[in-house]
Amino acid sequence: MALPAYASPAQRLWHYIYLTICSLVLFFLVMPLIAVIPISFSVSPFLQFTPEMLRLDPEAFSLRWYRMMIGDCSDPGITTVCSDNWKIGAKNSLFIGVIATALATTLGIFAALGLSRPIMPFRKLIMAIMISPLIVPLIITASGMFFFFAKLNLVSTYTGLILAHTILGFPFVVITVTATLVGFDASLTKAAASLGGGPVRNFFKVQMPLILPGVISGALFAFITSFDEVVIVLFIGGPDQITLPRQMWSGIRQEISPTILSVATILVILSICLLTAVELLRRRSERLRGIRPT
Amino acid sequence: MTNSPPVSVQPLLTADGIPLKTSLQRSMRRSKLRAICLVLPPLIFLLGLFIIPIGNLLTRSTDDTLINYQLPLTFAMIDQWDRKTLPEEDLFEAIYLDLSSLNKYLISDNFSDAVDPSDPAWRVRIPKKGPYRDAMIAIDPRWQSASTWLPIHEIAMVGVNAQGTERERENKARRAQFNICAYLTPLTNADCTKLYKVLQAWDGASAPDETFFNALYKDLSSANKFLVGKSSTRMNYGKPGFKSLIKKSSRKLKKVSEPPYRDAMIKADKRWGDVAFWQTLVTMQEPQTTGYYLNAVDRKWNKDHEIELQPAERRVYAMLWWRTFLVSLIVTVGCLILAYPVAHLLATLPLRYSNILMICVLMPFWTSLLVRIVAWMVMLQQEGVINDTLVMLGLPDENRLPMMYNFTGTVIVMIQILLPFMILPIYSVMKTIPPNYMKAAQNLGATPAIAFLRVYMPQTLPGIGAGVILVFIVAIGYYITPELVGGKDGRLIGNMVAYHMQKSLNWGLAAAMGSILLAGILMLYWIYDKIVGIDNMKLG
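Top to bottom, those sequences are chains A and B. If you count the first sequence from 1, you need to add 375 to reach our numbering. If you count the second sequence from 1, you need to add 16 to reach our numbering.
Looking at chain A on its own, in the form it has when it is part of the complex (with noise of 0.2 Å):
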């Protein structure tokens, strides 16, 4: 938006005032996530510049956190606790969003075609409950689960996990597919089956491709609220059950280290990548579904 020419000087003083507080509550959302990168790889165990670090003194930079983050404790100047628990968080954090994942876009991708469809009763009311996992405060669903899980003998399990997951993620899933759903042309599938396709092909030939963006997507979410959970690891999973949030919410509240903040660096490049895809995904989709970019 650039200033008209005619545009008078209190004008002109408000415009840039304005870019200036713009600037200023973007530079407040990224800053605190840019400033962890280059504390990161500090030498000194405490999370602040050092002056060393100011002076750009390449002494003053090391990688020994990272090193301890993937459980090489042989750095002799390390005094903070050294383990593997960081390798066992990932792995476990890893298998348990991949797999609720998986269910939960399998679910969603049901429910969305469900839901899309010309006649359905009580639309309202599902959708209502469908999204409810979303609505719902995390630390009331966990009591939920914790006693509900706890009957059913799932406390402790990853099979409790991976469903609790499975629920978190599974709005998402509904929400984006929905969307994708709500541009699609129904005479592609009547043309299908028309030429003979049963409803299953039909679906992974004509519905499947084109609604894919959508589901990816839905399927990113619900990774990453899984991958970024920690209320309900804590009230239902066990001391097995060590995730990265959970390694990362003990390290914040025991002590904390600057391998915290590697493991930090290491998600907020993956969140880049990810808001990458999922951007990239979104323009494909409006492609396919002859939107034109806005």
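There may be inaccurate statements among the hints.
Using 27 Å as the maximum straight-line C-alpha spacing, the simulated DSSO-like pairs for lysine-lysine come out as follows [to be verified]:
no.	chain 1	residue 1	chain 2	residue 2
1	A	K526	B	K145
2	B	K145	B	K234
3	B	K519	A	K526
4	A	K499	B	K263
5	B	K319	B	K263
6	A	K565	B	K519
Honestly, the hints are just simulated from the structure, not real lab data.
Using the hints provided, position chain B relative to the given structure of chain A.
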């Protein structure tokens, strides 16, 4: 107008001769059925593992069966008491028996409205050192037949016959021990190890001998100890000091075995002579209670069944509700103020610039919540980036600002975390407003400020409404952020729910607070649905 031609009474037919109406109805029905079939599996999954657990949690908020289970005789007799003077011997006897005797577990219909206080079974004394068999059969003769023991035996055999690794078998055995106790005394969490051992060797037919009753006595005793502990905690919610009263007097009353109990109990702890404790018991008589809800807003029932304020030192929750509301409000307003200009900028910039700026908005949105909290800790702590910068700019070193583990910290971090939730809905509305409207308004003589206020802003209201409600809903249920950066005066109601779930184990109160919170959120959600419609919820 002329008369219309007579309408054909012949129904329209499809190619295969079926009336069109029937055929259409059939195809509609089939389509409906297909839709239901698609929705059903996820719906059942969600109902079974999400809606029912939450409903189950909510029922806990009024559930008061535990105390009724512990004190069946007392509550059956307390109605006859005048509630003003100190109770007579019969009520003392009842509470003595309820707390110390095992008879209530042995009588088949012990916990119901049909408790008959005059039944001699309540007063059969089981000798402490045995033999137990005769006394227990005198309480309820069904214990002498093998068929009464069979279901317990079955539960035990599940553990005995367990397959798998040693650890799995051990777990199954422990589970079976727990289940035996749960069968005999549904509201306890005890493990019936003795019975498990005895029943292992039983053939399932021979008459139960003294070893059975010995095990039953020992296991029920430990279950009762557990239940007394739990129910005295419950009594303590009604009146502080009750737990210690029960604990102290039950230790001393072990020596007492003969009536009269009244003087002996008052001698054991003189608080038994205080009418206030008895009056508190009256408030717990119903198996459903609203007491937890009242407690969650700093109120309680008094003896005359009126609502009154908690004593001043126990009033904490009203303040917490207020703080939660205040934090959510500040965060919402803060987000709105920060989000509005940014959303406007994003909506009016050419696409290639706004896309880059959009990344700044979406990146925090996609980054792990805990990572963002860690990042803020680095920024806000005493030796953190912000304070270091301020010191470098001339702030005296000893005046470093306390920005973490307090109210300020919670608000700052929550605003940053929730800001994208505000920017995105406002942005998507602003995107649809043609820029010509502002120009037209100015052409017609409005100053830019008036054009903005009267032309542009009203059109962004739907986006503002959506963002405000969304941020408020998310903020009001926050738990992680206040827990990690809130310190003492940044705690919100979500943290209190977690505290009562995990530390104090006052689950009724946790459930009551959760229910109130949930009710508030559902109301806001309903408003959100009216304004935006949940179908229009978009992500990314």
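Do the hints match the structure? See the list:
1. A/K526 - B/K145: Distance of about 36 Å is beyond 27 Å: violated.
2. B/K145 - B/K234: Measuring from Cα to Cα gives roughly 10 Å; hence the hint holds.
3. B/K519 - A/K526: holds, 20 Å
4. A/K499 - B/K263: violated, 54 Å
5. B/K319 - B/K263: Holds, at about 23 Å.
6. A/K565 - B/K519: The given pair, whose Cα atoms are some 59 Å apart, is violated under the 27 Å limit.
When the structure is compared with the earlier hints, violations turn up for hints 1, 4, 6 and for no others.
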